[in-house]
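> These are the residues of each chain, in order.
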Amino acid sequence: MQSEPRIIGFLCNWCSYAGADMAGTSRLKQPASVRIIRLPCTGRINPLLPLKALVDGADGVLISGCHPGDCHYREGNLYARRRLELLHRFLPFVGIDPKRLRYVWVSASEGQRWQAIVGEFTEQIKKLGTAKAQ
Amino acid sequence: MPKAIMQDKLNDWLDSIASKYQLWAPQDKDGACLLSPYTPGAPVNLKCRPQLSAKKALFPQTECLLKYQYHKDKSKPEETELSISAANPNQKTVIWGIAPCDVSGISFFENVFIGAGYQDTYFKTRRSNTLIAAIACQHAESTCFCEAVGGSPVSAPDADLLLTRIDHEYVVEALTNEGATLIDEGLFTTVEEAKLNAMQQVKEAALSKLSKPFELGSLPSVADKFLKAFESPYWKEATAACLSCGICTFVCPTCYCFNITDEAQGMHGQRLRCWDACMFSTYTLEASGHNPRNIKFQRYRNRLSHKFSYLITNNNVLGCTGCGRCIKECPVGIDLRSIISHILAE
Amino acid sequence: MITNGKKYEGPGGNPYIPMLATVTKLYSETPNIKSLHVVLDDKEQMKHVSFEPGQVAQLSLFGSGESTFVINSSPLAKEHLQFTIMKTGEVSGAFHDLSEGAKIGLRGPLGNWFPYQHMEGKNIVLIAGGLGLAPLRPFMFYLLANRHKYKNIQLIYGARSPGDLCYSQDWTIWREHDSKVKITLTIDRDVPGWEYKVGFVPTIVKEEAPSAENTIAVTCGPPIMIKFVLQELEKLGFAPEQIYTTLERRMKCGLGLCGRCNIGPKYVCIDGPVFSLAELKALPNEL
Amino acid sequence: MKDILAELKKKAAEILPEVSYFICYGSGFDLLHSAPLFVKDKGDIDRLVLNRFCIHNLTSYLPPQKWPPGWLLEPGEKIGLVLKGCDSRSVIHLLAEKAILRSRVIIIGLPCWGMIDVNKLRNRIDINRINRVEQDKESIMLFTDANEVSADIKDILYDKCINCQYPNTLISDHFIGAKKEPDKGVQPFGKVLELERMSLLERSAFWDKEFARCIRCKACRNVCPVCYCQNNCLLDTRVPHWIKERVDANSNRWYHLIRAFHLAGRCTECGECARVCPMRIPINLLAMKMNSELFELFGFRSGIDVNIKPPLMTFQLEEDKL
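Residue numbers (my numbering), protein chains in the order written: chain A, 6 to 139; chain B, -3 to 342; chain C, 828 to 1114; chain D, 288 to 609.
Since the hints were made in silico from the structure, they are not lab data.
Hints may be right or wrong, so weigh each one.
Dumping the calculated DSS-like pairs for lysine-lysine here, alpha-carbon to alpha-carbon at most 27 Å [stated by the list, open to error]:
#1 B:43 to D:496
#2 D:496 to D:289
#3 D:365 to D:407
#4 D:496 to B:25
#5 D:441 to B:25
#6 B:70 to C:852
#7 C:905 to C:870
#8 D:296 to B:232
#9 B:120 to C:834
#10 C:870 to B:63
#11 A:104 to D:478
#12 D:608 to A:104
#13 C:1009 to C:1062
#14 B:52 to B:88
#15 C:870 to B:72
#16 B:72 to B:88
#17 B:63 to D:441
#18 C:874 to C:833
#19 D:365 to A:57
#20 B:25 to D:407
#21 A:137 to D:531
#22 C:1033 to C:914
#23 B:232 to D:327
#24 C:834 to B:63
#25 C:852 to C:874
#26 A:137 to D:496
#27 B:88 to B:63
#28 D:289 to B:25
#29 B:224 to C:905
#30 B:232 to D:365
#31 C:1033 to C:1007
#32 C:949 to C:914
#33 A:104 to A:132
#34 B:25 to D:478
#35 C:1054 to B:224
#36 C:1108 to B:232
#37 D:496 to A:57
#38 A:104 to A:34
#39 A:57 to B:63
#40 B:232 to C:1054
If you're wondering where the values come from, they're calculated on a predicted model, not measured in any experiment.
This is chain A alone, in the form it adopts within the complex (with noise of 0.2 Å):
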């Protein structure tokens, strides 16, 4: 694969994001492999948000909310641990590796979780190579 993977991550503003901005802030390294969408909740994303940037030819999606009872508005992330778990499922059916796609909890402190996290997808998407866009 040459140069880094392309990853789309759809993070939440109220707890992902902030950890990984504090994983910048803290200086931890990490692959500049992730183009981060931010969205006010996990319960936002349309499961045809990830499928279409998998769909067009990126070669992961990465996709972090607040931990499960930890939503800021409450129920978001567990209507969308549902949606999310199913389209895992779905993607092999129409022929996507459903290793490109990860769907993790990460809180606002989480910073080190955040870059372990974004380390290891990478790696796993370099493994796989470049995707091929639909």
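Go by the hints and put chains B, C and D onto chain A.
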């Protein structure tokens, strides 16, 4: 003089045509029979009537009208230049193995797209670079009614070649000089008198297979009857089951409505023309929210009145070739023939 | 090349291809209506620009699409073509976001026009609502330039509020025109400082009661306004042959080919947009 | 089936005064096709047909959002219709979504022995020349002038009818005939399993080939009983521009993916989308796959119980399987 070719030589002939032309031929594709670009050696199916008509070869479902490109000079960021270039689809093409009803469809397009009104440059370019090899139709389906709308299953005056199958052999008549150039001497044999007689018999047998569901009468009288039936409550009744989908329009050899939209990719892009369907509820929906044909019976009425009235008034042509595809493919069994009969009798 | 009453040929004889043009001026008429001045990039073509009052053109914003707009500058002026665009959909919205100097495409003129020759020697009443004044604007310019050929000219123009009236600088000039053009302005509901009429356009038509005697009425506006204006005109004794209107339909090609703008056998894009009420009454009722 | 038809006609005549239309089946363009029939007048009841070709899911005509006012129903009017077991699942789902009002619908239920897929007859006989059909529960005889063919019903049923679990209408105001036992075999998600045995690349190639044929006639969407957004459909709008107008394999794939996700937890497996497809694309497999996953994750089957909330419309703080 007509020539003949054995069935097992057809692929050799097609391979030879395909070396010089873009070639369309009816082929089986995963349970559907489609007129598709020919790949050398691939089996063709001359006994099916492809699900889509031959219009797609001359009026593709998606067609680039023009390409545009914005240019920016970095030293003058406030200025943008624009250039556009029109598409020119001038590839030499042969449409091979289509039934006479589909050839009539192409003649119809000539009337509407390159007739007295505005000239459709793209269709004109494609048509003038295309030769048509038709085949006399011996496999009329239960939905066929070409004779009722003035057609014939066994003659295609606007084609360049006409094939007629006799057992395992095809008699090929050249109808134009250009058509004759397609006949590859090495593969063909001369045709004796007896075979010509056999061909005649085959054609007559094909004629007798057809049903004639209605007597049309003169074109102006048809146009008049449909116009008079505009306010008839029958339209609502006849289309109650309609789903407002695009099947009947997309499979139709004469439906030509289209949409024009831009497809942008950053600083450049294309203007596309794609098939549209007058049966879609959003087809005439205006930005204001007003829709002159909001209810499905209005859309169906417009579709049929267009074919059986407006086109006669404007172009002196009937918008139906009797191929029966709309009847066969309609998911809710709306039968055009019975609606025409009803309007003619009303 | 744009020429009088001829078909649009298009570069290379292809009527789907627009001529390139530049937006030279862009300004707001109302909060959601903007006018723009358009100049063809080919200076020779611009010099020979000619269109008739009521004709339309297709404006392209490459990447967004193409839409039909009426040419509303004076048919006698050659410096630029003017269009007025209300923000409603994708293309019109994109036009609102343009800035001066933007590159666009133009196909036109297309369609028919007001049959001004048949109206000579008659009184003319123009009745417009909101942006419906746009197609009547070039016609008014034509009438004023040929003032001696026509008798009384009256414009009844209304909008929801004073801020929704378009072309305010024009009707001030028209009103002060020394050749007796009567301008009647109205708004739907009174606001402080408004010194003209108050009421819906059809009501004002009733009030003004223009005589049907030797008069042609031309109306354009929202469908509901047109409907009631027609009723008032008929009550005033106007025959269908004395009433003209200009129609809007969803259009794509502007060439009578794409199929969506028909009313019966007539296409609004090539047989219209101008129709007399008599012509409309002969068509299937599918407005 | 003849007795049921007679009784259906009787019932139809009874409820006709109460409804604006009675939606049922009439004869189609030939002996191998039936078609939806909208009965308004008593005189039309004689046109009713009931045979092995009544495949259409008449629920498609129910959601009022789908049709502009004044077309089918005036405010307050009722509609009557006949439903097979599979079709009644769509009604149950629409009720669960509160998309239709139970009080506005009068349902006549009946048992069903499965419907015949004409495409499965094509290779057996020239289906354009059929002039007589004889059918009973187990077999069918087709006659042309030249020959006759008999077939075991099991070999020519629609895929969805093989091992049918819901042969009787699940929700009805009047049930006609004796209830049929559900089939013994289990085949809930049919061809989905077949596809799942392929490799990722093979599946990708399979769908590429299928979607390349799609002509975007939107019949799959319009026939779908739970697709009722009408003029506000995502697939019709350019603002936002979710889908390109261009018709090619990639753009078509995206079209069907959008539909699949809008049907997640909503598809009632009536198979109409695949049946109406003029290009014979097995579109229903996408939604079937969704359903199989939802069944595995949440034990959910759509259109069985009005009172069960579809799983994507709810959640649990502690999920059993997530």
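> The structure should be examined with respect to each hint, and the outcome stated for every one.
These are the hints, each one checked on the structure:
1. Our distance criterion of 27 Å between C-alpha atoms is met by residue 43 of chain B and residue 496 of chain D, whose separation comes to about 23 Å.
2. Distance hint between residue 496 of chain D and residue 289 of chain D is unfulfilled; the C-alpha atoms sit about 43 Å from each other, more than 27 Å.
3. With a C-alpha separation of about 38 Å, the suggested pairing of residue 365 of chain D with residue 407 of chain D is violated against the 27 Å cut-off.
4. Distance check on the hinted pair: residue 496 of chain D and residue 25 of chain B sit about 9 Å apart at the alpha-carbon level, within 27 Å; holds.
5. Taken as a hint, the residue 441 of chain D and residue 25 of chain B pair is honoured in the structure, with Cα atoms around 26 Å apart against an allowance of 27 Å.
6. In summary, the hint linking residue 70 of chain B to residue 852 of chain C is supported, as the alpha carbons are separated by about 24 Å, within the 27 Å threshold.
7. Annotation: proposed proximity of residue 905 of chain C to residue 870 of chain C holds, straight-line Cα distance about 11 Å (limit 27 Å).
8. Distance restraint check for residue 296 of chain D and residue 232 of chain B: the Cα-Cα separation of roughly 23 Å lies within the 27 Å cut-off, and the hinted pair is therefore satisfied.
9. A hinted pair counts as satisfied when its Cα atoms are at most 27 Å apart, and residue 120 of chain B with residue 834 of chain C qualifies at roughly 17 Å.
10. Pair hint residue 870 of chain C plus residue 63 of chain B holds up; C-alpha atoms about 23 Å apart against a cutoff of 27 Å.
11. For a cut-off of 27 Å, the pair hint linking residue 104 of chain A to residue 478 of chain D stands: about 24 Å separates their Cα positions.
12. Under the criterion of a C-alpha separation no larger than 27 Å, the hint pairing residue 608 of chain D with residue 104 of chain A is consistent with the structure, at around 19 Å.
13. The suggested pairing of residue 1009 of chain C with residue 1062 of chain C holds, with an alpha-carbon distance near 22 Å, which does not exceed 27 Å.
14. In summary, the hint linking residue 52 of chain B to residue 88 of chain B is supported, as the alpha carbons are separated by about 15 Å, within the 27 Å threshold.
15. A C-alpha spacing of about 23 Å is found between residue 870 of chain C and residue 72 of chain B, which places the hinted pair at or below 27 Å, so the restraint holds.
16. In summary, the hint linking residue 72 of chain B to residue 88 of chain B is not supported, as the alpha carbons are separated by about 44 Å, beyond the 27 Å threshold.
17. Restraint check for residue 63 of chain B and residue 441 of chain D: the C-alpha separation of about 54 Å exceeds 27 Å, so the hint is violated.
18. Proposed proximity of residue 874 of chain C and residue 833 of chain C is supported: the alpha carbons are some 17 Å apart, at most 27 Å.
19. A distance of roughly 42 Å separates the Cα atoms of residue 365 of chain D and residue 57 of chain A; the hinted pair therefore is violated under the 27 Å criterion.
20. For the proposed pair residue 25 of chain B and residue 407 of chain D, the alpha carbon gap of about 16 Å is at most 27 Å, so the pair holds.
21. Taken as a hint, the residue 137 of chain A and residue 531 of chain D pair is honoured in the structure, with Cα atoms around 19 Å apart against an allowance of 27 Å.
22. Our distance criterion of 27 Å between C-alpha atoms is broken by residue 1033 of chain C and residue 914 of chain C, whose separation comes to about 31 Å.
23. For a cut-off of 27 Å, the pair hint linking residue 232 of chain B to residue 327 of chain D stands: about 12 Å separates their Cα positions.
24. With a C-alpha separation of about 23 Å, the suggested pairing of residue 834 of chain C with residue 63 of chain B holds against the 27 Å cut-off.
25. Of the supplied pair hints, the one linking residue 852 of chain C and residue 874 of chain C holds, its CA atoms being roughly 18 Å apart against a limit of 27 Å.
26. Between residue 137 of chain A and residue 496 of chain D, the direct Cα distance comes to roughly 16 Å. Compliance with the 27 Å bound is thereby established for this hinted pair.
27. At roughly 22 Å between alpha-carbon atoms, residue 88 of chain B and residue 63 of chain B fall within 27 Å of each other, so this suggested pair holds.
28. Taking the CA atoms of residue 289 of chain D and residue 25 of chain B, the gap is about 40 Å. The hint is violated against a cut of 27 Å.
29. Note on residue 224 of chain B and residue 905 of chain C: the hinted pairing is violated, with a Cα-Cα distance of about 47 Å set against a maximum of 27 Å.
30. Proximity of residue 232 of chain B to residue 365 of chain D is assessed by CA-CA distance (about 18 Å); at most 27 Å being required, the pair is judged to hold.
31. Only pairs whose Cα atoms come within 27 Å are accepted, and residue 1033 of chain C paired with residue 1007 of chain C is accepted, the gap being roughly 21 Å.
32. Under the criterion of a C-alpha separation no larger than 27 Å, the hint pairing residue 949 of chain C with residue 914 of chain C is inconsistent with the structure, at around 36 Å.
33. Of the pairs offered as hints, the one joining residue 104 of chain A and residue 132 of chain A holds, with about 10 Å between alpha carbons and a cut-off of 27 Å not exceeded.
34. Restraint check for residue 25 of chain B and residue 478 of chain D: the C-alpha separation of about 20 Å stays at or below 27 Å, so the hint holds.
35. Using a Cα cut-off of 27 Å, the hinted pair residue 1054 of chain C and residue 224 of chain B holds, with the two alpha carbons roughly 24 Å apart.
36. For the hint linking residue 1108 of chain C to residue 232 of chain B, the alpha-carbon distance of about 23 Å falls within 27 Å, and the restraint holds.
37. Between the alpha carbons of residue 496 of chain D and residue 57 of chain A the distance comes to roughly 20 Å, so the proposed pair stays at or under 27 Å and holds.
38. For the proposed pair residue 104 of chain A and residue 34 of chain A, the alpha carbon gap of about 23 Å is at most 27 Å, so the pair holds.
39. Pair hint residue 57 of chain A plus residue 63 of chain B holds up; C-alpha atoms about 25 Å apart against a cutoff of 27 Å.
40. This hinted pair checks out: residue 232 of chain B and residue 1054 of chain C have alpha carbons roughly 26 Å apart, not beyond 27 Å.
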